[in-house]
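Q: Okay, here's what each chain looks like letter by letter:
There are 2 protein chains.
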Amino acid sequence: ALPNVIKTIAEESKKLTNTYLRTALHLHTSGTMPISVFGDAFPHAGVMYFFQTFSKAKLIDDFSQIPVFVEGRQIDDLRAIFTLAQTLTPRVYEASQHDRERLHVAGVFANNFTNQMYALAADMLKDTHIPFQVLLPLIDQTAEKVHHLSPHDAQTGPAKRRDEQVMNHHLSLLTTPEQKQLYTLLSKMIMMSE
Amino acid sequence: ALPNVIKTIAEESKKLTNTYLRTALHLHTSGTMPISVFGDAFPHAGVMYFFQTFSKAKLIDDFSQIPVFVEGRQIDDLRAIFTLAQTLTPRVYEASQHDRERLHVAGVFANNFTNQMYALAADMLKDTHIPFQVLLPLIDQTAEKVHHLSPHDAQTGPAKRRDEQVMNHHLSLLTTPEQKQLYTLLSKMIMMSE
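Heads up: the sequence lines are chains A and B, in that order.
FYI, our numbering numbers position 104 of the first sequence as 104, with every residue one higher than the one before it.
FYI, our numbering numbers position 81 of the second sequence as 81, with every residue one higher than the one before it.
Just chain A, with the same shape it has in the complex:
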């Protein structure tokens, strides 16, 4: 939990309180935490937020593709952090706490909730003889499309066409109340965004 993480970082940083460390630059790599987590003990502090999912099972083989968002407590801190980040990737952006928080939510939509859509697609196929793998070309093409078009312009499907008969037919095939609620809500959001 966030306050617990803040507390942990704050307590860990207290252990470092040797006098010379006041001049050292302290960084965290979190998307949601403010710089102020370092407290007053360290005047030189900042954030280096790598915008990517990390997993223990898979090493990052190419940092240069990963955007990194940096913030510094002081202008000299920012300059140092920027230079450090550029040794890893050319995609370095300055981002305030305000922007970084919204980016973190955007990441939940683009990663966790997108993955949940894949999970629901997989659930639909459980009652068939069709393997999940047949969805992969469509999943890849959907991701590829927003490299060239805005998501709004890329949208297709029954909700976009306001095809109520297809939508009602789909609703009749869904099995849980949550699936039906989700289908209705997302269709409504797509129709609203015209």
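Rather than coming from a laboratory, the hints here were simulated on the basis of the structure.
Each hint should be verified, as a subset may be incorrect.
One copy or any two copies: either way a pair holds, since identical chains are not told apart in the list.
To be verified - Keeping only pairs whose Cα atoms sit at most 25 Å apart, straight-line, the calculated SDA-like set for lysine to any residue is:
#1 Lys-180 / Pro-131
#2 Lys-160 / Thr-175
#3 Lys-126 / Ser-150
#4 Lys-126 / Asp-62
#5 Lys-180 / Thr-128
#6 Lys-188 / Glu-178
#7 Lys-126 / His-98
Fit chain B to the supplied structure of chain A, relying on the hints for placement.
A: Leaving out everything else, chain B in the frame of chain A:
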């Protein structure tokens, strides 16, 4: 709308009623329509459903990557349709109306609703200086991950970790009732699927 499409196909097919056409094989390419749309006039009929989004703006440059789902009214029809489909792609599957309907819904989740997640991520960034393009590596990695892991095993994020403080913080950053409702519902579904 579906019944209108069925009506159109049925009416168009009536125009073809020359005697020799009774021996011809009639195909449609819809994911949701049954074979019975062709009526009794054509004893040889079937379905060849290409599972991919088509768009006028972008030609399909490689049919061999696209799965196709076939069904035939008679066993000879199925054999002919299978052979025809194999000239376009090696990924030919027989699928009943039951399976094809569920595949069509799976496609809505894997394509239209996934794209809506991208749209919501884009909306989150509108209030920042961060361009949508920074999301592309994450979007690509999310799609790539389910080539090797099931969506369930690939899931990460605050809902998966049951991190209520991060989830509540994210809810406070969302601006519309629909966004909040969606965030809550999807987080609940991810937590339920443990």
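Q: Evaluate each hint against the coordinates.
A: Taking the hints in turn, this is what the structure says about them:
Taking identical chains as interchangeable, the C-alpha atoms of Lys-180 and Pro-131 lie at most 25 Å apart only when both belong to the same chain, with a minimum of 23 Å there against 33 Å between chains. Taking the shortest Cα distances, Lys-160 and Thr-175 sit within 25 Å of each other both inside one copy (23 Å) and across copies (22 Å). With identical chains, the CA atoms of Lys-126 and Ser-150 are at most 25 Å apart between copies only, with a shortest distance of 13 Å across copies and 32 Å within one. In this assembly of identical chains, Lys-126 and Asp-62 lie within 25 Å of each other by CA distance neither inside one copy nor across copies; the values are 35 Å within and 28 Å between.
Taking the shortest alpha-carbon separations for Lys-180 and Thr-128, only the intra-copy value of 19 Å comes in at or below 25 Å, while the best inter-copy value is 33 Å. In the homo-oligomer, the alpha carbons of Lys-188 and Glu-178 lie at most 25 Å apart both inside one protomer (15 Å) and across protomers (9 Å), since each shortest distance falls under that limit. Taking identical chains as interchangeable, the C-alpha atoms of Lys-126 and His-98 lie at most 25 Å apart only when they sit on different chains, with a minimum of 12 Å there against 42 Å within one chain.
When each numbered hint is compared with the structure, a violation occurs for hint 4 only.
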